[in-house]
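Protein chains: 2
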Amino acid sequence: MKPSHLGELAVRVRAASRVVARSSSAVRDDALRVAADLLSAEAGAVLEANRRDLAEAERRGADGTAVDRLRLSERRIADMVDGLRDVAGLPDPVGEVLGGWVRPNGLRVQRVRVPLGVVGVIYENRPNVTSDAAALCLKAGNAAFLRGSSSAIESNRAVVSVLRRAARKAGLPEDAVALVEDTGHETAIAFMRLRGLIDCLVPRGGPGLIDSMIEHATVPYVLDGAGNCHVYVDVAADLDMATEIVVNAKTQRPGVCNAAESLLVHRSIAAAFLPVVRRALGDVELFGDDRTRSVLPGVAAATEDDFAREYLGAKMSVAVVDDVGAAIDHIARFGSGHSEAIVTADLATADRFVAEVDAAAVLVNASTRFVDGAELGLGAEVGISTQKLHARGPMGLRELTCVKWVVRGEGQVRR
Amino acid sequence: MKPSHLGELAVRVRAASRVVARSSSAVRDDALRVAADLLSAEAGAVLEANRRDLAEAERRGADGTAVDRLRLSERRIADMVDGLRDVAGLPDPVGEVLGGWVRPNGLRVQRVRVPLGVVGVIYENRPNVTSDAAALCLKAGNAAFLRGSSSAIESNRAVVSVLRRAARKAGLPEDAVALVEDTGHETAIAFMRLRGLIDCLVPRGGPGLIDSMIEHATVPYVLDGAGNCHVYVDVAADLDMATEIVVNAKTQRPGVCNAAESLLVHRSIAAAFLPVVRRALGDVELFGDDRTRSVLPGVAAATEDDFAREYLGAKMSVAVVDDVGAAIDHIARFGSGHSEAIVTADLATADRFVAEVDAAAVLVNASTRFVDGAELGLGAEVGISTQKLHARGPMGLRELTCVKWVVRGEGQVRR
Numbered sequence: 116m117k118p119s120h121l122g123e124l125a126v127r128v129r130a131a132s133r134v135v136a137r138s139s140s141a142v143r144d145d146a147l148r149v150a151a152d153l154l155s156a157e158a159g160a161v162l163e164a165n166r167r168d169l170a171e172a173e174r175r176g177a178d179g180t181a182v183d184r185l186r187l188s189e190r191r192i193a194d195m196v197d198g199l200r201d202v203a204g205l206p207d208p209v210g211e212v213l214g215g216w217v218r219p220n221g222l223r224v225q226r227v228r229v230p231l232g233v234v235g236v237i238y239e240n241r242p243n244v245t246s247d248a249a250a251l252c253l254k255a256g257n258a259a260f261l262r263g264s265s266s267a268i269e270s271n272r273a274v275v276s277v278l279r280r281a282a283r284k285a286g287l288p289e290d291a292v293a294l295v296e297d298t299g300h301e302t303a304i305a306f307m308r309l310r311g312l313i314d315c316l317v318p319r320g321g322p323g324l325i326d327s328m329i330e331h332a333t334v335p336y337v338l339d340g341a342g343n344c345h346v347y348v349d350v351a352a353d354l355d356m357a358t359e360i361v362v363n364a365k366t367q368r369p370g371v372c373n374a375a376e377s378l379l380v381h382r383s384i385a386a387a388f389l390p391v392v393r394r395a396l397g398d399v400e401l402f403g404d405d406r407t408r409s410v411l412p413g414v415a416a417a418t419e420d421d422f423a424r425e426y427l428g429a430k431m432s433v434a435v436v437d438d439v440g441a442a443i444d445h446i447a448r449f450g451s452g453h454s455e456a457i458v459t460a461d462l463a464t465a466d467r468f469v470a471e472v473d474a475a476a477v478l479v480n481a482s483t484r485f486v487d488g489a490e491l492g493l494g495a496e497v498g499i500s501t502q503k504l505h506a507r508g509p510m511g512l513r514e515l516t517c518v519k520w521v522v523r524g525e526g527q528v529r530r
Numbered sequence: 116m117k118p119s120h121l122g123e124l125a126v127r128v129r130a131a132s133r134v135v136a137r138s139s140s141a142v143r144d145d146a147l148r149v150a151a152d153l154l155s156a157e158a159g160a161v162l163e164a165n166r167r168d169l170a171e172a173e174r175r176g177a178d179g180t181a182v183d184r185l186r187l188s189e190r191r192i193a194d195m196v197d198g199l200r201d202v203a204g205l206p207d208p209v210g211e212v213l214g215g216w217v218r219p220n221g222l223r224v225q226r227v228r229v230p231l232g233v234v235g236v237i238y239e240n241r242p243n244v245t246s247d248a249a250a251l252c253l254k255a256g257n258a259a260f261l262r263g264s265s266s267a268i269e270s271n272r273a274v275v276s277v278l279r280r281a282a283r284k285a286g287l288p289e290d291a292v293a294l295v296e297d298t299g300h301e302t303a304i305a306f307m308r309l310r311g312l313i314d315c316l317v318p319r320g321g322p323g324l325i326d327s328m329i330e331h332a333t334v335p336y337v338l339d340g341a342g343n344c345h346v347y348v349d350v351a352a353d354l355d356m357a358t359e360i361v362v363n364a365k366t367q368r369p370g371v372c373n374a375a376e377s378l379l380v381h382r383s384i385a386a387a388f389l390p391v392v393r394r395a396l397g398d399v400e401l402f403g404d405d406r407t408r409s410v411l412p413g414v415a416a417a418t419e420d421d422f423a424r425e426y427l428g429a430k431m432s433v434a435v436v437d438d439v440g441a442a443i444d445h446i447a448r449f450g451s452g453h454s455e456a457i458v459t460a461d462l463a464t465a466d467r468f469v470a471e472v473d474a475a476a477v478l479v480n481a482s483t484r485f486v487d488g489a490e491l492g493l494g495a496e497v498g499i500s501t502q503k504l505h506a507r508g509p510m511g512l513r514e515l516t517c518v519k520w521v522v523r524g525e526g527q528v529r530r
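As given, the protein sequences belong to chains A and H, one line each in that order.
If you read the first sequence in my numbering, its first letter stands for residue 116, the second for the next number, and so on.
If you read the second sequence in my numbering, its first letter stands for residue 116, the second for the next number, and so on.
Derived by calculation from the structure, the hints in this document are not laboratory data.
Just so it is clear, the structure is predicted and the values come from calculations on it, not from any experiment.
You may find that some hints are simply not true.
Said to hold, decoys possible - Footprint (simulated), chain H over chain A, 3 or more residues, beta carbon under 8 Å:
hint, stretch
1, 126-139
2, 309-317
3, 352-361
4, 474-481
5, 502-508
6, 513-519
To be verified - Just a few of them, taken from the derived set where beta-carbon distance is under 10 Å, the chain H residues facing chain A:
hint, residue
7, R310
8, L491
9, G492
10, P509
11, V522
12, R523
Ideal Cβ positions, reconstructed from N, Cα and C, are used throughout, including at glycine.
Please model the entire structure based on the sequences and the hints provided.
Here it is in structure tokens:
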């Protein structure tokens, strides 16, 4: 795709976004429900397109994880269909009045929630993101401008074709959902630089994609960042509770961003707690500091890199700390600002941890795994933001909107 | 300043930000009031420093506007002192609970307003920004990391010295307010790239600075953008009201971002309204489209550039449009997303304009000049954002904070 073609497509998507923005939520929900029906009816064609992607991946010798992420099945398509219907059933975030007042001169001021406009999504591999992301964008009154990976191009095309026809049937422009079909790197960079045409960019991918966005994007973005999450077990912890939380946070689903990567243990309980938690963690490989290794001599030595790392697997770094202040300092140094947990029965210690740890989410006596949209009660999520501006923590429909000031008067002028 | 020196300073400011974040608002307000007293007591020294900047500016042959912006006086220092006291008196945005609920598993979830951390401010020329910006940052629990222009370096140093001593007297670290003393371009770029050390960057300057930030910054930023603001006078407008609003929006203070730059007139009233408003606008030079010039033959022809321009002076572009839809399209094409006004007595037309114009602020029957923090009732403002993420419209103290999720349990783990 030449840059001019990308630009032309972007102009069409932007024009479509103005129509979507002024559509009623009934029409947008209808588009999502029609898309669910169509996707269900055309599952065969989508699976056929997916088989072409899979064949190409095998030809290229892609690894098992990548192939698994790419693979659709009757079951995965049924999940996508359910996802479209679930999003249609969520409350509409658009139109909410966030506040309002009357000024002394009679001006009536309101802050109103409105769509962002065009939301760009750059994602890798998994074709189910195509319908999930487009559904959330549309629901919040935005056009969805999608740029998937080359490995999933056939699957993505098939799903987007369904979404575009559904939009049209519901009375919205087809370009309310659009796919960038050129999956080359240069086009990805050009996509990130469509300032004025894309209002917000949401990446769904690995560190390489994130770094590329930070370096190249001129479009504002919300990052779904890494999670180097800690559990700090305080001297005042119930050690059974602590063991259960550490095991859950580390092992319940190790490959996700809200899994724990690092365990901090108060020095006064290290001798009692570390052997217990090590047994409970089973296969998890530990990397410890000197004080940890003096209790657990068999554990490998942790480097600074270990403490900074998001393993996303059956590994965990461990440090013994002097007190909650040292735990907070350790997290300030190595944490990625995602989710940080403390286990303690002491109120002042819990309050201090909550107040001083700088992260999207801070948990007291609960597993870090709860930090996602559904678990916290938000409904579907686009991702979990580790940035501080606009969205922090689970990003739901609300984070796909912005605010407009509306000022009504009867001829007021400024003196 | 070598990059390593900038980095070392940034690390100190970041450490200070952690202390500021956990300080009470009483301590921060105290720091601002002490700063006000000190600045008042040391006005002579600050003016002396300012005279050195002015002498250097004159040696370089700086133009009158630049010299005026640079110049401090007893009066301007008194305003800065009042500003510090006013900000101290505002309500603290930190600690506000934005929402909270209990999940079925008993987890107690809250969203709480917290400081951003380190706020970087890049600004030009005017040394009063030093105290204004630092005060807002500190009030919202942040460290203020300031990078002013070379032309104001002596003045900025003197003001920052006051602020740092005030912070220390109030029990905060001096590095809660820090000035980058190297005002070279390379250092500015390095400053914009202190990702992980600065949490949010706020530019106060012209288009060159904004463009440089968009291109180079890796730190998240909130832009104080250009204002190409329109007033649309509808067929159903009260023409006296329309005249008064257009004149106020254009001439009450032409050099600011919320001044109107472009007038759109419904074709059915063009012949009646244009001669009247032209007379009322007095010295304002008009640039009109063909239909405007058929009514006002003496008016110069407007180019596309004229319609896109923020004149910031006694000039205005004028177009005659077919209806409110054409006005909305014109604004979508040329507007900068700042403030857009309609004058009409027709409810449906007003509602359509409010719904369809995509801007930070939309006004009905009121002057665009009302779009600022004080006029809308927010108190002091850092600027007016024309971006959609995080802050849109007047940025007050609230926009210098972010949100943290706090989750409290009794040992819950995820199944």
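Taking the hints in turn, this is what the structure says about them:
1. With a cut-off of 8 Å between beta carbons, the stretch 126-139 of chain A has 3 residues touching chain H; three or more are needed, and the interface restraint holds.
2. Under a criterion of three residues with beta carbons nearer than 8 Å to beta carbons of chain H, the stated coverage of the stretch 309-317 of chain A is upheld, 3 such residues being counted.
3. Closer than 8 Å: that is the beta-carbon criterion, and the stretch 352-361 of chain A has 4 residues meeting it against chain H, so the requirement of 3 holds.
4. Counting residues of the stretch 474-481 of chain A whose CB lies closer than 8 Å to any CB of chain H gives 8, which reaches the minimum of 3, so the coverage claim holds.
5. For the stretch 502-508 of chain A, the proposed coverage by chain H is satisfied: 6 residues have a C-beta within less than 8 Å of a C-beta in that chain, meeting the threshold of three.
6. Here the stretch 513-519 of chain A counts 3 residues with a CB under 8 Å from a CB of chain H, which clears the bar of 3, and the coverage holds.
7. The interface hint given for H/R310 is met, as the beta carbon of that residue sits about 7 Å from the closest beta carbon of chain A, less than 10 Å.
8. The interface hint given for H/L491 holds, since its Cβ lies 5 Å from the closest Cβ of chain A, which is under the 10 Å cut-off.
9. Evaluation of the H/G492 hint against chain A yields a held restraint, the C-beta minimum of about 6 Å falling below 10 Å.
10. Interface restraint check: H/P509 against chain A, minimum CB-CB distance 8 Å, threshold 10 Å, status holds.
11. This hint holds: H/V522 has a C-beta 4 Å from the nearest C-beta of chain A, less than the 10 Å allowed.
12. Interface restraint check for H/R523: the shortest CB-CB distance to chain A comes to about 5 Å, inside 10 Å, so the restraint holds.
In this structure, every one of the numbered hints holds.
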